Each structure stands twice: as structure tokens, then as C-alpha cells.
Amino acid sequence: MALPDHQLRQILEAALLAVDEPMSVDRLGQLFLEHERPAPKRLKQALAEIDDSCQGRGFQLLETASGWRFVTAESAAPWVARLWQEPPRKYSRALVETLALIAYRQPVTRGDIESIRGVSVSSGIMRTLEERSWVRVVGHKEVPGRPALYATTKQFLDHFGLKSLDQLPPINAIEDGLADLLSATESNEGTNS
Amino acid sequence: MALPDHQLRQILEAALLAVDEPMSVDRLGQLFLEHERPAPKRLKQALAEIDDSCQGRGFQLLETASGWRFVTAESAAPWVARLWQEPPRKYSRALVETLALIAYRQPVTRGDIESIRGVSVSSGIMRTLEERSWVRVVGHKEVPGRPALYATTKQFLDHFGLKSLDQLPPINAIEDGLADLLSATESNEGTNS
Amino acid sequence: MAQLTQVELPLVKIAGRPVEQLPEDLYIPPEALEVFMDAFEGPLDFLLYLIRRQNIDILKVDVARLTEQYVAYVDAMRLLKLELAADYLVMAALLAEIKSRALLPVQASDDDEEIDDPRTELLRRLQEYEQIQKGAEHIRQRPELGRDFFAAQIQAPEAGPRPVTDLPLSELLAAMADVMRRASFTDSHQVKYEPLSTRARMGDVLARLQPGEFVSFSDLLSQAESRAGVVVTFLATLELIKEGLLEIVQTQIYGPIQIGLRDGTA
Numbered sequence: 001m002a003l004p005d006h007q008l009r010q011i012l013e014a015a016l017l018a019v020d021e022p023m024s025v026d027r028l029g030q031l032f033l034e035h036e037r038p039a040p041k042r043l044k045q046a047l048a049e050i051d052d053s054c055q056g057r058g059f060q061l062l063e064t065a066s067g068w069r070f071v072t073a074e075s076a077a078p079w080v081a082r083l084w085q086e087p088p089r090k091y092s093r094a095l096v097e098t099l100a101l102i103a104y105r106q107p108v109t110r111g112d113i114e115s116i117r118g119v120s121v122s123s124g125i126m127r128t129l130e131e132r133s134w135v136r137v138v139g140h141k142e143v144p145g146r147p148a149l150y151a152t153t154k155q156f157l158d159h160f161g162l163k164s165l166d167q168l169p170p171i172n173a174i175e176d177g178l179a180d181l182l183s184a185t186e187s188n189e190g191t192n193s
Numbered sequence: 001m002a003l004p005d006h007q008l009r010q011i012l013e014a015a016l017l018a019v020d021e022p023m024s025v026d027r028l029g030q031l032f033l034e035h036e037r038p039a040p041k042r043l044k045q046a047l048a049e050i051d052d053s054c055q056g057r058g059f060q061l062l063e064t065a066s067g068w069r070f071v072t073a074e075s076a077a078p079w080v081a082r083l084w085q086e087p088p089r090k091y092s093r094a095l096v097e098t099l100a101l102i103a104y105r106q107p108v109t110r111g112d113i114e115s116i117r118g119v120s121v122s123s124g125i126m127r128t129l130e131e132r133s134w135v136r137v138v139g140h141k142e143v144p145g146r147p148a149l150y151a152t153t154k155q156f157l158d159h160f161g162l163k164s165l166d167q168l169p170p171i172n173a174i175e176d177g178l179a180d181l182l183s184a185t186e187s188n189e190g191t192n193s
Numbered sequence: 001m002a003q004l005t006q007v008e009l010p011l012v013k014i015a016g017r018p019v020e021q022l023p024e025d026l027y028i029p030p031e032a033l034e035v036f037m038d039a040f041e042g043p044l045d046f047l048l049y050l051i052r053r054q055n056i057d058i059l060k061v062d063v064a065r066l067t068e069q070y071v072a073y074v075d076a077m078r079l080l081k082l083e084l085a086a087d088y089l090v091m092a093a094l095l096a097e098i099k100s101r102a103l104l105p106v107q108a109s110d111d112d113e114e115i116d117d118p119r120t121e122l123l124r125r126l127q128e129y130e131q132i133q134k135g136a137e138h139i140r141q142r143p144e145l146g147r148d149f150f151a152a153q154i155q156a157p158e159a160g161p162r163p164v165t166d167l168p169l170s171e172l173l174a175a176m177a178d179v180m181r182r183a184s185f186t187d188s189h190q191v192k193y194e195p196l197s198t199r200a201r202m203g204d205v206l207a208r209l210q211p212g213e214f215v216s217f218s219d220l221l222s223q224a225e226s227r228a229g230v231v232v233t234f235l236a237t238l239e240l241i242k243e244g245l246l247e248i249v250q251t252q253i254y255g256p257i258q259i260g261l262r263d264g265t266a
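In order, the protein sequence lines correspond to chains Y, Z and R. Counted the way our numbering counts, the first sequence spans residues 1 to 193. Counted the way our numbering counts, the second sequence spans residues 1 to 193. Counted the way our numbering counts, the third sequence spans residues 1 to 266.
For reference, chain Y alone in the conformation it holds in the complex (with noise of 0.2 angstroms):
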């Protein structure tokens, strides 16, 4: 016995307003008993209509690592952000280096880091990203020491609304042209001798 299209529209939309965190699919099939649950991929229709719906609104349908949530639109931004009395967090060039660091060449261990940034990283830049939830400990490097190696998190994803970190956009374009330049450099140094 199937649910008709605007009540489980409405029955997504009104779960995933009360709840505080993004939802998967399959949580939000969970909300269903056994003989009315639509399969996924009508709940994944839905979620679109949804969506769509928003157009225009003072909220977002919003997917991320975690699955989806509501969010308030980015254009409401300034005037809801008064609502709280301290202005957003902003962060160190060395904290969102740090985790830019991380993010793209995961998993590092701290020495990485500080060999690619020519400086150490202070244990509170560490301990602020773990303590976000946007770096953890994935494993140790089996090297003498065993350093931590450390990788994002789906908070990370969820929390920069990101649904993978393919969704990033990438930074080693220039890599094949560093290549380039080494075998040009070093001819030119075979012709100047």
C-alpha cells in the first residue's frame, strides 16, 4: 500500500526538519513501516521534487556526506547570523592550511605536514580539527615512531556542505607541468654546460 506522492513529500520534509542532522536514505526509510516504505529510489525522487520546491524559499535541501538536510538559504545569511551574538569563527591560515593539507593529500602524518609547510604545526591547531570532528587518527604509518596518520571526516564533508571530497576542486593540475619543467630545466642545463 503505496503512500501517496505529496504525503510522503511531507512526511520527508517534516523528518527532516525535526531532526538536527543530515539523514541517509536509508535512515529516512526507516521511518516507514515495512508495507508502505518506498524504495529508495522513489524516496530519492522525492527528495528532488523537494528540492525543487525550495526555489526561492528561505531554506535548501542540502546533500552531504551524511545524507541530507535542511538549511537556511545562503542569501538569508547576513540577516540570520544576528541572531547569534558572537560573528562566525574565523579560522588561522595555519589551521585552514593545515586542513586544506589533510583534506587533499589524506593520510598524512604531522611530519608530512610540517615538510610541506617549512614550519611546525602547533598541537592546538591539531587538537581544534579533532576537536571539530573534521580530522581523525586513521591508522600509524609503520615507520620508526609510528606518527598518527591522519584523514577527514564526514563531519568535515558535511559541515563545508560537501557531499564527496571529489567535490573539492583540484589542486595538482600543475603537477604533469611540473614534470615539464624538470626535463626542460635539466636540458637547459645540459645545453649551458
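There may be inaccurate statements among the hints.
What the hints assert, rightly or not - Here are the simulated SDA-like pairs of lysine to any residue, each with C-alpha atoms no more than 25 angstroms apart in a straight line:
id : chain 1 : residue 1 : chain 2 : residue 2
1  : Z       : Lys44     : Y       : Glu74
2  : Z       : Lys154    : R       : Leu235
3  : Y       : Lys90     : Y       : Arg136
4  : Y       : Lys90     : R       : Arg142
Honestly, the hints are just simulated from the structure, not real lab data. It should be emphasised that the depicted structure is a prediction, and the values quoted were computed from it without experimental measurement.
Using the hints, position chains Z and R against chain Y.
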């Protein structure tokens, strides 16, 4: 410099969704800088329009004594409520035995149950049985301390699909059944050894 | 070649005015230089700044010129006796080495060509760090929860009563059998069982009665639905009286028999 209507509605929607408590018209007004702040009348007009636009959706705008807030649509309540349901409870052995004794020996005091089971009955068990409406206090025994006398209820019968207590098999039948079962087990063990 | 997005220059403010470029031949107040250098994340970051200032690709950097600029700043810092992280001095030494190598003829033996070339290694590091800075910029520009969008959460109905697993009758009976088996081991009680219907009716009768209130016995009986019911109710009442739970009162001979809960305080 007044904000256009659609932008005003967007901002109000976003703010009401971001805050999990009712917001007064006054507080909603505080979202806006002085030069753009709409008059209370215009705010109320915008709220009424938002309310209209929620027809048939999974949420609705509600005006309470302390202000406006979004709540989930009542029609979605049965599904949304499932979000918070804890997993079904399992009943402990002690509870089932206590219930069985009350069913067969009613009306009984807690002392009676304890003396038959040979162990004390926790208050938690009696409370659970009463909360489930399976047993209730039907009187007090006229002995020192006037202990409560427990009996099973109609809900108890309903739960087990019984029309009356007579439909419970007589004790000796259960005991015989058990004896059969035990002898069967024993003879099995006998053959095995 | 992929295009390089120009990353925002570190902004240094002196006396409220942003300083983007230090005049090279002018006197620099020591504090200003210190603040300026503080804006960098380390020697690599500073080198990237010097490269960007020339608005050229890292890969086309004139290392000799870069070295001169870098060393000039480091020397200025040392001259002014300002504290400078050791990393900066290490980098200065590396740059000096690169520069001196460039002046020497290239060694003939090229068994281990590129690995040992400090210039290549430096460019590789600069490029890698620049990529990370680009990555940091991508993250910075992402809309962020709590800044660009906020989680929506509204009031929802509360959870209903907690569901329970089914308790099947068989389990109830098995439990009873267990209890009885254990009770027969202890053996101290001789448990006598009235027919269940009597037991159940005893409960019903008690439930019907309010403390301090008497009902007529015939009223109780009339509750019974059948002849058998009357008998059961009668037996139940007798049992309750025997157990001292009920009080029976007759105010006059042949008068109605009144039944009530026995007063506990009596």
C-alpha cells in the same frame, strides 16, 4: 530602503527555521538593520504569506503566546515520532515469571511472589508491569503493613489474546508439559551418553 | 599549463594602513618589519609572496633574484636584531647554496641527476606548498555551516510510548513452569490452586469495592453473567472472606448481606 517582499519572506523563513524557539515580531524585527527594518505590520503580513505558502507541506507556521515558530505538520506526526522511538524492550526473566505468578495466583502480594520465587521482586518490575497496564493493585491484604494485592487486567488478556483467565492452561498441565519436556531431554541425554 | 589562481596576498597593516609592498631602499621601522614578517607562515610562504609579487609563475622563477630579495629581508631582520625563526636562516643557507651552485659548472657525472639538485627540490616544495594554499583557499570559499547556512530545526511531536517486543504466551507459560519447578524443589510451601476463574473473580470483586463502602451481596452476584458465574463469584467471595480481605455484615435477620473491604485500621 525597504527590502523586497520575497527577500523579506526568505529572511523570516530562514530565521524561524534556524532558531528552535518561538520568535516574537519584535525579535524578528531585530534581524534587520535600522534603515531596512520593516514595520511590525509589514512583518505580520509577511508571516501570514509564509503561513499560506506552507499549505500541504511538511511544516507549518504556528503563532504561540511567545511568538512564531515552525512546527512539523500534524499529518506527518506518526512518522516523525518514530524518529525518537527507542528500540523495543526485551522483558527480563524475572519480569515474565512475576507476571506469570500474578496471572495464576491473583490476587497476590509482592511477598507471596517473593516467597514462591525465592528471590525478592524489584520495584522496577512491578512498576513496569503496572505501566504496561498488565497488572494493577486491586486491594490490600489485611495483615501488618497492608501489602498491595495485585491482579491482572483486561489489557493483559488482550495482549495475550485471551478472552478470560480460564483460557490459560491449568498449572498442572504446564507442569506435566514440563515433565514431558524434561523427561524427553533426559532420555535424549541418556542415549547420547 | 593550468592557470594559477592568484591567492590573496597576506595583508599587513601598519598604523591602520595596509602595506602590500615594502619599499626596498627606505628605512623600515623595526616594528613594521617584524609585523610584516609575522604575517607569513614561514620561509616557504614568504618566498611564495616574493614570487607572487613579481607576478610570475613559480616555474619561471629567477632563483638568483629571489635569493637576493630573500637574503635582503633576512639581513635587515638580523641587522635590526629582530627575532627571526631559525627556519628562515636555514632557508637562507639553502638559497645561498643554490646560488653558488649555479655559478659552478655542472658536474659531469650525472648518475643521480635530479634528486640532488637543491633548486629542483626547492621549486618542488614551493609548488607543493602553493597547491596546498590553493586548497586552503578552496576550503575557505566553501559555504560553511554556521556562517553561510544554518541547520534548520523545528519543533516536532514527541515520541509515543516505547514499543515493546512481543511477549508470547508460550514464554509466559514457560516462565510459570520454571517457577513451579523451582518452588517444588524448595517444597516448603504446599501451594494449593483454586480454579483460575475463582482467582480471577477474587480480583474483580476486590476491584469493585471501595474502602469504607458496602455493597449488597446480591449486587455482586448479579454481576455474574451465568449460573456458573454466580457460583464462581460466590466461591471467590468466600475465599476473600477466608483470607480476611472482606468483611461481611448483616444488620438484621434475613436482611441483605453487605460486603465491604475489611477496614485495615481495625
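**Asked** Is the Cα-Cα distance between lysine 90 of chain Y and arginine 142 of chain R 25 angstroms or less?
**Response** holds, 14 angstroms
**Message:** Check the hint pairing lysine 154 of chain Z with leucine 235 of chain R against an upper bound of 25 angstroms on the C-alpha distance.
**Reply:** This hinted pair holds, its Cα atoms lying about 21 angstroms apart.
**Request:** Starting from lysine 44 of chain Z, check that the Cα of glutamate 74 of chain Y is at most 25 angstroms away, please.
**Result:** holds, 23 angstroms
**Item:** Restraint status (C-alpha distance of lysine 90 of chain Y to arginine 136 of chain Y at most 25 angstroms)
**Value:** holds, 21 angstroms
Hint compliance for this structure: no hint is broken.
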